[in-house]
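Asker: Please construct the entire structure, taking both the sequences and the accompanying hints into account.
There are 2 protein chains.
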Amino acid sequence: MDKQKLYVIKIGGSLIDNEKDLMNFLEEFASIKALKILVHGGGKLASDLAEKLNIPQQMTDGRRVTDQKTLDVVTMVYAGKVNKNIVAKLQNLNCNAIGFSGADGNLIKAEKRVVSNIDYGFVGDVVSKSVNVDLLQKFLELQLVPVFSAITHNKKGNLLNTNADSVASVLAQALSQNYDVELLYCFDKDGVLENVENPDSLVKNLNSKKYEQLRSENKLNEGILPKLKNAFTAKENNVNKVVLLNETKLQNQLNHQNEGTEIDI
Amino acid sequence: MDKQKLYVIKIGGSLIDNEKDLMNFLEEFASIKALKILVHGGGKLASDLAEKLNIPQQMTDGRRVTDQKTLDVVTMVYAGKVNKNIVAKLQNLNCNAIGFSGADGNLIKAEKRVVSNIDYGFVGDVVSKSVNVDLLQKFLELQLVPVFSAITHNKKGNLLNTNADSVASVLAQALSQNYDVELLYCFDKDGVLENVENPDSLVKNLNSKKYEQLRSENKLNEGILPKLKNAFTAKENNVNKVVLLNETKLQNQLNHQNEGTEIDI
Numbered sequence: 001m002d003k004q005k006l007y008v009i010k011i012g013g014s015l016i017d018n019e020k021d022l023m024n025f026l027e028e029f030a031s032i033k034a035l036k037i038l039v040h041g042g043g044k045l046a047s048d049l050a051e052k053l054n055i056p057q058q059m060t061d062g063r064r065v066t067d068q069k070t071l072d073v074v075t076m077v078y079a080g081k082v083n084k085n086i087v088a089k090l091q092n093l094n095c096n097a098i099g100f101s102g103a104d105g106n107l108i109k110a111e112k113r114v115v116s117n118i119d120y121g122f123v124g125d126v127v128s129k130s131v132n133v134d135l136l137q138k139f140l141e142l143q144l145v146p147v148f149s150a151i152t153h154n155k156k157g158n159l160l161n162t163n164a165d166s167v168a169s170v171l172a173q174a175l176s177q178n179y180d181v182e183l184l185y186c187f188d189k190d191g192v193l194e195n196v197e198n199p200d201s202l203v204k205n206l207n208s209k210k211y212e213q214l215r216s217e218n219k220l221n222e223g224i225l226p227k228l229k230n231a232f233t234a235k236e237n238n239v240n241k242v243v244l245l246n247e248t249k250l251q252n253q254l255n256h257q258n259e260g261t262e263i264d265i
Numbered sequence: 001m002d003k004q005k006l007y008v009i010k011i012g013g014s015l016i017d018n019e020k021d022l023m024n025f026l027e028e029f030a031s032i033k034a035l036k037i038l039v040h041g042g043g044k045l046a047s048d049l050a051e052k053l054n055i056p057q058q059m060t061d062g063r064r065v066t067d068q069k070t071l072d073v074v075t076m077v078y079a080g081k082v083n084k085n086i087v088a089k090l091q092n093l094n095c096n097a098i099g100f101s102g103a104d105g106n107l108i109k110a111e112k113r114v115v116s117n118i119d120y121g122f123v124g125d126v127v128s129k130s131v132n133v134d135l136l137q138k139f140l141e142l143q144l145v146p147v148f149s150a151i152t153h154n155k156k157g158n159l160l161n162t163n164a165d166s167v168a169s170v171l172a173q174a175l176s177q178n179y180d181v182e183l184l185y186c187f188d189k190d191g192v193l194e195n196v197e198n199p200d201s202l203v204k205n206l207n208s209k210k211y212e213q214l215r216s217e218n219k220l221n222e223g224i225l226p227k228l229k230n231a232f233t234a235k236e237n238n239v240n241k242v243v244l245l246n247e248t249k250l251q252n253q254l255n256h257q258n259e260g261t262e263i264d265i
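Residue numbers (full-length UniProt numbering), protein chains in the order written: chain A, 1 to 265; chain B, 1 to 265.
Any given hint could turn out to be false.
Have a look at the derived ranges for each label pair, beta carbon to beta carbon [what the hints assert, rightly or not]:
1. B:142 / A:197: 46 to 54 Å
2. B:204 / A:18: 56 to 64 Å
3. A:265 / B:115: 56 to 64 Å
4. B:155 / A:221: 40 to 48 Å
5. A:236 / B:4: 42 to 50 Å
6. B:62 / A:215: 58 to 66 Å
7. B:31 / A:4: 36 to 44 Å
8. A:237 / B:223: 48 to 56 Å
9. B:137 / A:178: 23 to 31 Å
10. A:222 / B:94: 35 to 43 Å
11. A:221 / B:188: 52 to 60 Å
12. B:31 / A:56: 39 to 47 Å
13. A:222 / B:225: 56 to 64 Å
14. A:237 / B:258: 51 to 59 Å
As a list, the in silico DSSO-like pairs of lysine-lysine whose alpha-carbon atoms are at most 27 Å apart [claimed, not checked]:
15. B:204 / B:241
16. B:44 / A:52
17. B:189 / B:33
18. A:44 / B:69
19. A:129 / A:156
20. B:44 / A:69
Rather than coming from a laboratory, the hints here were simulated on the basis of the structure. The beta carbon of each residue, even a glycine, is placed where N, CA and C say it ideally should be.
Answerer: Here it is in structure tokens:
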């Protein structure tokens, strides 16, 4: 029997920080007839709250070093304010959204990152076997629409701050066992650009050879590298389709207009 | 066929504010073999955070007047920090907890309180038909242990700040259709005391006549009145057993030692 189609869609800070853009996106998301899962980042809200509370923030290689106070901040913002507001808005759009952290139902169990040169604190790393596929499948069968913040746990009582791109990638990988998964990374660019100043330089199909070429030519900015790493890992692990696209063009993508950059291997 | 036993257990601020007491309680809660649901308040954390963020707080008749900024604070604290930490701790105790606000899966739909003399802002009121019993039952059948914060929604896109005692009461009422429900209000007193200074003055059984008598004699402090109102409403609406008891004595209650004050009608 053909596998059922499932979209795993990741949205980031640029949408979360803009109420109107977020609403437009959620309307398009709610209209998807196929099974779907949303994964969201947190935007600037966590940094803003940390600043107001005088909790110094340290970013290393694009990751937030997460001490106990910072963990409280990201849990409040990502799993609290952002997650529950997205769920309430989707419910208003008659989309039966249900908000999760990885701790809920033990849906995503992470490993606390091992201290090497840097102690990232309460930062979690996830792989595809981190995902509780059986339970997620039951929720999808109940026509629920999971909405994940990137807060996970280690099943030893600790919450962990996890990269939202990685969460989307491992969910897509794990669910590819049972579903025909399309993983969409929605962000504020049209996709991977050969020249970040020139929107016409969009790379429609990116394979690993082209990726290595662009990287060696320093044409990829730091922000997109972890996203691409997660995108390739997904594609290499049986996710049917992986695309990076502009968050304002979800509808076109759903209508098979092939927006953005599709990952090939 | 006999209905299955289900505990609906409410805990409040005195536990949330004390890490060690909370852990002791959660260990006892996790050990309950029967079906169970936990409902938690938020303790002083929300007021503390509001103070740090310079958001003035106004309490009227024991309810927090909830403007948009205050709604963000209680959502972050109750649905974020408190809820997800309880879930992570229960997961560590091999209890398959899953944290919810009322918006998640449309589990509890509230009505925004109508403005009369006072505009409470984003405060929600709930009744037993607010509860999505079908979905909750499916979760219980999956051996999940729902953990509710008292944030609900109006299905029009707004989150609402709701009284946790009321949430516990309406959950117990609604689920009494399908389960043999025991509703336990755990707090920092031994139960209803005729003389609040004297722990030996515990009222073992409180019926509405005795309740009216104690109230007319001004023997009930303001804090316990809303709890008792919710407790009587539950008992009057088919909840099998309703008890107010000390949060340190859950284990005794589970062993049928009849702790606290049982509500009669």
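Asker: For the pair we were handed, residue 204 (chain B) and residue 241 (chain B), check the Cα-Cα distance against 27 Å.
Answerer: holds (13 Å)
Asker: Given the range 48 to 56 Å, decide if the beta-carbon distance of residue 237 (chain A) to residue 223 (chain B) lies inside it.
Answerer: holds (55 Å)
Asker: Note whether the CB distance of residue 142 (chain B) and residue 197 (chain A) lies within 46 to 54 Å or breaks it.
Answerer: Given range 46 to 54 Å: holds, Cβ gap about 51 Å.
Asker: Are the Cα positions of residue 129 (chain A) and residue 156 (chain A) separated by 27 Å at most?
Answerer: Status holds; Cα separation ~17 Å.
Asker: Is it true that residue 31 (chain B) and residue 4 (chain A) lie within 36 to 44 Å of each other by Cβ?
Answerer: holds (39 Å)
Asker: Holds or violated: residue 44 (chain A) with residue 69 (chain B), Cα cutoff 27 Å?
Answerer: holds (17 Å)
Asker: What's the verdict on residue 189 (chain B) and residue 33 (chain B), does the C-alpha distance respect the 27 Å limit or exceed it?
Answerer: holds (25 Å)
Asker: Holds or violated: the 56 to 64 Å window for the beta-carbon distance between residue 265 (chain A) and residue 115 (chain B)?
Answerer: Between residue 265 (chain A) and residue 115 (chain B), where Cβ atoms are some 59 Å apart, the hint holds.
Asker: Does the beta carbon distance between residue 221 (chain A) and residue 188 (chain B) stay inside 52 to 60 Å, or does it fall outside?
Answerer: Once the Cβ atoms are compared, 55 Å apart, the range 52 to 60 Å for residue 188 (chain B) and residue 221 (chain A) holds.
Asker: Is the distance from the Cβ of residue 236 (chain A) to the Cβ of residue 4 (chain B) consistent with 42 to 50 Å?
Answerer: holds (46 Å)
Asker: Does the beta carbon distance between residue 31 (chain B) and residue 56 (chain A) stay inside 39 to 47 Å, or does it fall outside?
Answerer: holds (41 Å)
Asker: Please check whether residue 237 (chain A) and residue 258 (chain B) have a Cβ separation lying inside 51 to 59 Å.
Answerer: holds (56 Å)
In terms of the numbered hints stated before, the structure departs from none.
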